[in-house]
Structures are given as C-alpha cells and as structure tokens.
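Asker: Chains as they are written, first to last, in my numbering: chain S, 1 to 315; chain E, 1 to 276; chain B, 1 to 156; chain Z, 1 to 366.
Please note: incorrect hints may appear among the correct ones.
[Said to hold, decoys possible] Derived pair list, reagent style EDC-like, types lysine to aspartate or glutamate, alpha-carbon separation capped at 16 Å:
1. K216(E) with E268(E)
2. K279(Z) with E199(S)
3. K133(B) with E199(S)
4. K43(S) with E280(Z)
5. K133(B) with E193(S)
6. K54(E) with D251(Z)
7. K54(E) with D71(Z)
8. K87(S) with D228(Z)
9. K229(S) with E280(Z)
[What the hints assert, rightly or not] Derived, one-sided and incomplete: chain S residues facing chain B with beta-carbon distance under 8 Å:
10. R194
11. F224
12. L276
13. L280
[Unchecked claim] Computed Cβ-Cβ distance ranges for the label pairs, DEER-style:
14. P344(Z) with D22(E): 53 to 59 Å
15. D71(B) with K310(S): 16 to 22 Å
16. P212(E) with E20(S): 49 to 55 Å
17. H284(Z) with P41(B): 29 to 35 Å
18. Y87(E) with R36(B): 21 to 27 Å
19. P212(E) with P41(B): 38 to 44 Å
20. F224(S) with E14(Z): 49 to 55 Å
21. S271(E) with T304(S): 38 to 44 Å
Hint data in this document are derived by calculation from the structure and do not stem from the laboratory.
Since the model is a prediction, treat every value here as computed from it, not as a measurement.
All residues carry an ideal CB built from backbone N, CA and C; glycine is no exception.
So the chains spell out like this:
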Amino acid sequence: MKAGKPQTPNPKSQSEQLRETARILLKEKKADLVIGYERGSSKRRARPVVIRDEKDVGRLIFDDTCGPSLVPFLRKTLRAAKDRNSKSQTPNPKAVTPLRVAVVAKGCDGRALVQQIAEGQLKRDQVVIVGVGCDGIADQRRGASGEKRAASCERCRYPNPPVYDVFVGEPVEVGTGDEFAGVAEFEKLASAERWAWFERELAKCIRCYACRNACPMCYCEECFVDQTKPLWLGKSAERPDTTLFHLVRALHSAGRCVDCGACERACPLGVRLALLNKRLEREVRERFGYTAGLSMEATPALATYSEEDKQEFML
Amino acid sequence: MPDNPYVPIPVRVQSVRVESDDRTLRTFDLAFGDDAEPFEYLPGQFCQLSILGKGEAAFGIASSPTEGESLRFTVNRVGTVTTALHYLKEGEELGLRGPLGNHYPVEKFKGQNVVLVGGGFAFTTLRSLATFLLANRSDYGDITVIYGARRPGLLLYRNELAEWEKRGDVKVHLTIDEPASGWDKAVGFVPTVTGKVRPSPKDAWAVVCGPPVMIKYTMPVLLDLGFAQDRVYTSLERRMKCGVGKCGRCNIGPKYVCTDGPVFSYAELASLPEGF
Amino acid sequence: MSDWEPKIVAFLCNWCSYAGADLAGVSRIQYPPNVRVVRVPCSGRVNPLFVLKSLENGFDGVLVSGCHPGDCHYISGNYIARRKFATLKTALEFIGVEPGRVQFSWVSAGEGEKFAQVVARVTDDVRKLGPAKRLVKSAEAGRAGATLQQSRGGGE
Amino acid sequence: MSSSLRIAKPDLDELVSALTSRYRLFGPVDVDSATMLREVKSADELALGAALDGPVKAAFFPQTETLLTYDGTRSEAPPGRDKPTAVIGVRPCDARSLLLLDKVFGTGKYRDPLWQRRHDDSLVIGLGCSAPLETCFCNSMGSGPFNAEGSDIMLTDVGDAFVAESCTDKGERFLKTAYKSQVQRPSQADLDKAGQARSKALAVLAPAADYSGVKTALAKLWESALWDEIALGCLSCGACAYLCPTCHCFDVQDETVPGTQQGRRVRIWDTCQASLFTKEASGHNPRPGSKERMRQRVMHKFSYFADNFGETACVGCGRCIRLCPADFDVRLVLERVMAEDRRPKTGDRATKNEERGTKKDVRHAG
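Isolated chain S (complex conformation):
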C-alpha cells in the first residue's frame, strides 16, 4: 500500500486477510477453488494462481503488483471444467454440480464480472466474488519508476467492486477530480497531432493479441481478426492493419470497457491502448447515460437505443 494513505485498522495485511478468507471458502465448501494471485517471476510481479486446497492458501497475495485481470482465467477454468464434465464417463453429467469458483476481484475486475453477467456470459451463482479494495496497480511500463500508478488506476473511480460476496480489507476511498481529464487534454491536440501520436504508439504493436486475450470483456468465440471467410484484416504488423485492429477492438468494447487497464499492462511493448477506450466510455456515458459494469440488469448501451438519442451529427 502506498505511503500517505490511511493504514487499515485491521492489523493483518490485506494478503493475510485474503488467505484467511480463501481458507474459509474452501473449508466450508463455499467454493471449489480460488483464483487469485501469487508472487511471480520477480518481487514486482504477480501471476494468476488456482488454489484448490486450504493448505496452499499461503501462496495468495494481494498488492499493487496484482495487475492482470483474473476474469479471462476464470472463464478458462470454467470452460475447462465444463469440457471435462461433458467428456467424463459420469452416467448423468447433469447431476455433477457445476464448479463454483471464487475469484479475487479489484474494483475494475468486479465491474468486469458484473458486465459479463449483464451480457449473459456468466451466471452469478457460478462465482464467489472476493472483493478487494484496490489502491491502484503500479505502473510497470518501461521507464516508469514503479512508484506511480498505472494510467487507468490514476483515473479510477471504482476502487471497490460494486458487487461482491466477501470483502477483504477496508474499502478504498474513491478518487476525485475529472476521470476524463486525460482525454480532454489529448483532445486539445490538433487532429494531425493526435494521428501522429496513435501512429507512433501503434508502430510498436506486434499483433500478439495479448491485449485482446488479457481483456476481461474480449470473449468472442471467434474474433473478427481470426475470421477467414471473409478475411477482414491482413495479419501483418504494418500500421494500417494494426490501427484497424485496435480501432475495431475499441469499438467492440465501447460501452463495455471498465477501464481496468489490463490491456495496457498486458502489452509487452507498452502500447498505450486505453486512452481511446476511455474516450468512448465518456461518449457512451454522455450520450446514452450508461456506465459499464455497474448493473447486472441494465442492457448494455450499444445493444439498445432510445428514440431520443441525440443525432446532431446526422446530415
């Protein structure tokens, strides 16, 4: 936790409390397994871990290195279990209780889970949301000091998950100020300057799709870039192809993106991907009055309409 922030009253660290929570969930069979983070390849990195046994809860950690969204790993785990059930020799596969998975969720991850539920991708009773208050993930892009928080965390207004089953630690105070200040600042640039900025950023892209695969909201069975009939997009790493990929990905996540920043952190070359998403988030909020990941019932903005929608841009 950062210096300068009020210490949590509980003398135990957030990680310790998390381990205790996981132990109880497993012991009381409230969850079959817990997906969380463990210390990774260095002391400033964390990696996803699947805990199945109480005795291993000691591996769980939570701190400002726990960047990756666990939602893709949750989906993967649920799918693997489903595949196994359908292949298993059980006389009545339907009698097998579906796997119930506890997942550690920062504010943004909690919103992603809510959005997945709203989009019918996840059933609420399949997951035990272990909410954690999050003070921001350290910016580990090259050249960053590691002290600063990642861009998405800097502007985060949802440090605590909107929905949870258990909450670990103390809720984190919600930041103030304009979360779209960065977007507004960027928009002051001339069109050509903005284009130059995106060109430079996207020149680094190697089309590895780490951003897409790490994104909690990118769950299409077949991504448009993987379709071959027709082949929508060349596979090259040259600029027009990479730009189109990121542009379409941003459009697909408009009104769904929870600005968790997982894409930016996943990018091995530090391409700043989230700014465009943030701009579209503002558009959707201002125009359609919708914010992703807050309601399990509301229809996502781009899947519905209002007759009163503004149309000043139509000829």
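Use these hints to put chains E, B and Z onto chain S, whose structure you have.
Answerer: Then chains E, B and Z, alone, in the frame of chain S:
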C-alpha cells in the same frame, strides 16, 4: 525446383472436368510452359497450387510421371483457395511449386506384390501410384486395389477404374458405404472389405490413403493379416504454408509432413506422438 | 493532384436511401458522380468495419444512409445504427481521422432532392480534405510494398 | 588471432559509420516504453545496455516480409540486397539465437532465400551482458552473459569505453580493416574492469539449473494431465512467440491492391498458440485446445528441435517470462516436467482431482 522455393512457376489449365456427382471435386490437367525446366517426380509427392491474390494449398499429384508432361490434380472445394481453383477454366494460368515431399517407395516395391487401399477423395496419389505400377507392370508382382467411397458418384476416376477392372493384371475391389441402385459390387466400409479380400502379406507392401478414420480402422486389419508395420505406408495431410519445412505448422512430433513426409510407414508413425 | 477526384462509397439502406437515390436518378436531379453505391438491407447492417475497410482500401470518404427515425423497415435497425455511428464517428475523430471523411444521413424514399444534396455536401467536404492518407493501406501494398518493406527491414 | 581494441564511448560513432558504410546496421533503439531492434544510422540512436524487448531475429526475419510480388498470374521474387546486414549491441543470448535460426533457415534440403539474403555475410557485434535480469537463465541453457557464441565481435562496457574483441575471423577482419580510427589498445585498468563486469554478471545471475532431464521426461508425458494444468496459466496470445529470438514459425498471406491484380505475397510471424495455426480448411484442427498448443510449444523447443538440430531451441533470454501478460514462467514448466517424470505413477491423477476437488493438490496456473 528453382533456386527460390517460394516462387511458383506458371502452369496452364489444359483441361478441367467435374469429378464427382456432387460437383465438389474437379480434376485439372496442368501443362507447363515451353521454357519450363523438366519436372521430375514420383508417385506420392505433392505440389502447392497457387492462385495469386487468394493463396496456396497443397495437393497430392494424381498423375504418374509415366503419363507424359502434364500434371493432374483433383481438388475438393472447401476453402478460399480451392474455391478459386474451381473457378479456373481451360487455358487459364495458375502457379505451382513442387514437386514437394517424399514419395512412395516404388524401388522397394520392385518384384513384390502391392496392395493399394483407398477411401474417398484421398485416392489421388494412389491413382498416381497404380498408374505408375501398371506402366511398369513387369517390375511388380500382384497388384490389388481396394477403393471405397460413400456413393458410386463419389468414386474418383471411374472410367479408369473400369479400364483397370478389364485389364486382368490388377485385382480391383470397389465398395460403397450403403447399397445403391445399379451397384453390383461390394457394399461396406473399406476396412471391412479389406478384411474380406484378405490380401496376402507374403512379399507384399500395402499403401493406405483415406480419411483419418478409415486409416485408423484399416491399419489393424492389415496388421492382423500379417503385414509388418514397416511394410504399410500411408500419406498424411496437415495444414501447410511453406511446403519446405520452415513455417513450422505441419509437424507431427519432430517430423514435418511437408519434408519428412507426406509418405510415412506405419512403423514410423507408431513412434510419433500425434499420429494421424 | 489537379485531376484528383474524390472516391466515395455510399452504404444505402434498401428501403429508403437506395430508393431515394433511385428517385434522384429518375427525376434527373444532378449530383456529383463520385459515389459508388453499396446497397444494404438496413443501415443497421453497416458494421463499422465496412466503413474502416473502405478507408483502408483507398476510398477518400464514406457515406452511410438509412431511413429516418421511426421509418425503419425493421422497426429499430436505424436506432441501433445511430448509436454505433455516434461511437464510430467519435473514435475516428479522436484518433485523428479528419471529420468529414465519414458521414451519416437519413434519406427517405421520397427525398431524391435531399439525396442529391447529401452527396453534393459529402463530395464537397471530402474534396476539401483531399485524398485520404490516414488508415489507407492500398497505397503501400503491391509493388510499392516490396520496396517499402526492404527499406524498413526488420524491427517493425 | 583475437585482437582487442579500446573504443572510447565518444568514438562509437566511428564504429557505427564504419559499419553503416558496409552494412545495413540494426541495433537496440528506445521507442518510448520499449527497446526494439531498429535500423540505425548513428551511434546516438543506440540504446546500448538496455534489455532489448524486440527479438534480434527481426533484422534477418522481419515480422512482415515480402515473399514475392505479383501481377495477374505472374510473380517474381523481391530484388536482391544492396548490403549485408549487421547488428550491434545485442546480448550474447540473442547473438546465439541467430545460430539456432540459421539451422532452420540456412540448412536442409531447402535453404530459405530471404533469410540468406539478409544473413549471409552478416556481422554480429555482441555486447557483454553486465546486468542480467531476474528472468534471465542463459546459464541454464548452456550459455552465459559473456558467451561469445554467435558474435563476431564482442563489446564489453568498461565505463567510459568499450573493449572490443574479435571472436571470429570475420570479426577480426572487420576490426583490422574497417575500423580505421587511431587504434587504442585496452589498458590494464580496462581489462580489470571488463573482468569485474563478468564476475558481477555471474554473481547476479541465479545459479544454473539442470534441465538435462527435460527431453527424456517430455517423451513420457505426451498424454499427461500436466498440460491441462499448465495451459490454465496461459492466455494463448502470441507475445512469447513473437518476442522469442528462436521462434520462427510464419504464416503466408496474399495482399492485392484493391481494384487491381497486383499485390504481394507476404510472410508474417505466426504463433503455435493461435487456434488458426493448424486449423484446416475443412474445419478440422489437429491441435484444438490450448493444452495441445502449449504442449506443441514446449515440445518443439525442448524436444523436436533437439531431435532435428541437436540443440534446444531456447537461449534463456527470458523474454517469454518478462514480457508475458500472465507472468507465465517456462522455467517452472521445465521443472514441473522433470518433477512429473520423477513421480511414481498413480493413474490419471489430475483428471480425478478436477472432479469437485476430492483429492488434495495444488497447481499454480503458471
């Protein structure tokens, strides 16, 4: 092959005909230009056919080098490239890279009996092999062809099959999956028919080509009949791009289908993890 | 560039705008010949990817046109489309694609005159912007692509 | 035969000029948040000493490369090169990776003309690695931070200068004939500093792990449930493969200029982790899931490559760990593979465990 194995040589469609009654298969005879270098190949090898702008796909050569200079391919329409190929008309040009891969061990077959077992549209390189063996008839012992398809109309090269049946120096056993009107030959799956034909393993080699499931069930039949693992050959298919062992997608264990294959003995496959 | 003429693709819905274009034609209303029309069943059918691919493939401008709100043959296709278009327009302008390259309109089957005006307006806007450069791939592919690639070599 | 030179840092530009007059020169360049291999014209562009994020293979096997250009049904290979290629400032792990790639592209029945065009007569100037990272394991892969294998010339940073040593005849010739600046020999102090850099690097690096049992173990683990477990910790993106200095798989695509019959056939880096990689036109996929694809990647590097070329296709650069979005650690995979091989066999353990966690075990997702 030219110095640059990625550059196709232009070939011309000499003739094209619909091969199956469901029109999903077309057979092309391709001719080289006058200044083309001699194209030397043996049964079992394949080529990459190239429609510039659409891409490339690999096809076993269905003709035999004993038949003259043109090359024959039978193309099943499944994807982008094969669809583009199906639109080609006589006289039009396309690109060709090859011959690629290894071939059936026709040298080893000399003086021996050969059993060819085929299923469906994978009969292409078996046609090449049978034609090669028949053209050098005196070099080989008994030749047996067992070939099946779902329906009579899906058997490839029906005119030639009829000619072979008339020859008397090759035993031809044709079969279809289910009875059909006008069909007076065998009915049943290829593995079953093979079991009934009971080709002798003595001084014999077997070559099996067909869909994976057919190969899977035919192999044990042949082994039960007494064929040794290293005397049964098959030809494999995998998605390919480069065809020359570089692009890295057609491997089965450490072997590349494009350069170490496509022809493998059952003994070789048994030592590989993925198999067919 | 003096002989350059803008190349514009127009995605027109089958029920209104396409009929509007037709009416403009039979009424012999003059409008610039710069548009190539793609007829789509509904403006809701226009995937933003169609628009982006058009720009990538070298069109200088894109017009998408459908039925007026309330008139959609499929009840709500154009309402859903309106949300998509707003988002697409924002995204394009944010990353620095010039406003005016991609435009949207409602043209009914009876508005031949309006169709002509819309086309004239879009053509004029795009002409002022000049040939599209951002997002364009075609200019770099082909033979140019070969030399380009060599000069850039590795690292990309 | 080996000669050594002292190149004061301000004089580096002379070395770079000597290189660019004869070669297309590539080196590490800082591009905002990443260090990529880019073509360089002058020494001040170079980010020497930084851990290169992009792989060095890009100089010889670019991510997107024209195989041929076409017009209608006629095609031709791209034109020949103007100059051979040189790279400067690459770490020894990266320099060594080029030797492994040359086995793939430069040997066998078919040699790759595009690789040859860039790789023949190339010059590799390595830079001794004085700051190994936590993710580095070159020493476990039979190399080391100052290993000269693959380099023609090796630079060592001694503070205000580099000590340049030739490691091959080619490197020796270049230093003797091309670098014409007044020749300085390294002082004893320089050599001492170089020695200190070496020992410091070795001290930083974790002790070498013994992975010699991996290949034998892998041969027994084809059907193991281990692959399911390992695959759970992977996002199936292509970051590892694209950034790996020895991964060489590629896709081929045609790109036609719209409205014409002209275009180019390009090859583009591809990854065995993508489901499309082996998916056939019929829809059949011999490697349908992330388990099969993960197994392929590990098997290819640590078993098949050794079968075909006698070496492991890994130089221990650690990019696949350091830059992985899920912090997937290939070293842990190797350890688990060996551990699994040592385990007494008790039936299909993991599959049973998955059923509602009846048995107790933990598998971390990496």
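Asker: Next, verify each hint and record whether it holds.
Answerer: Now for the hints, and whether the structure bears them out:
Note on K216(E) and E268(E): the hinted pairing holds, with a Cα-Cα distance of about 15 Å set against a maximum of 16 Å. At roughly 33 Å between alpha-carbon atoms, K279(Z) and E199(S) are farther apart than 16 Å, so this suggested pair is violated. Under the criterion of a C-alpha separation no larger than 16 Å, the hint pairing K133(B) with E199(S) is consistent with the structure, at around 12 Å. Taking the CA atoms of K43(S) and E280(Z), the gap is near 43 Å; set against the 16 Å cutoff, the hint is violated.
Taking the CA atoms of K133(B) and E193(S), the gap is near 14 Å; set against the 16 Å cutoff, the hint holds. A C-alpha spacing of about 14 Å is found between K54(E) and D251(Z), which places the hinted pair at or below 16 Å, so the restraint holds. Pair hint K54(E) plus D71(Z) holds up; C-alpha atoms about 13 Å apart against a cutoff of 16 Å. About 14 Å separates the Cα atoms of K87(S) and D228(Z), which keeps this hinted pair within 16 Å; it holds.
Restraint check for K229(S) and E280(Z): the C-alpha separation of about 13 Å stays at or below 16 Å, so the hint holds. Here the hint on R194(S) is kept, as its CB sits about 4 Å from the closest CB of chain B, short of 8 Å. Given hint, F224(S) at the interface with chain B, holds; its Cβ is 7 Å from that chain's nearest Cβ, closer than 8 Å. Taken as an interface hint, L276(S) checks out: its beta carbon lies about 6 Å from the nearest beta carbon of chain B, inside 8 Å.
Contact between L280(S) and chain B, as hinted, is supported at the beta carbon level, the nearest pair being about 6 Å apart and thus within 8 Å. Restraint check, P344(Z) to D22(E): a C-beta distance of roughly 55 Å satisfies the suggested window 53 to 59 Å. Taken as a hint, the range 16 to 22 Å holds for the pair D71(B) and K310(S), whose Cβ atoms sit roughly 18 Å apart. Separated by about 52 Å at the C-beta atoms, P212(E) and E20(S) satisfy the suggested range of 49 to 55 Å.
A hinted range of 29 to 35 Å for the beta carbons of H284(Z) and P41(B) is consistent with their spacing of about 34 Å. Evaluation of the 21 to 27 Å hint for Y87(E) and R36(B) yields a pass: the beta carbon distance comes to about 24 Å. Distance hint for P212(E) and P41(B): a CB-CB separation of about 41 Å, consistent with the stated range 38 to 44 Å. Distance hint check: the CB atoms of F224(S) and E14(Z) are about 51 Å apart, consistent with the given range 49 to 55 Å.
The hint said 38 to 44 Å for the Cβ distance between S271(E) and T304(S), and at roughly 59 Å that hint is violated.
Comparing the model with each earlier hint shows violations of hints 2, 4, 21; every other hint is respected.
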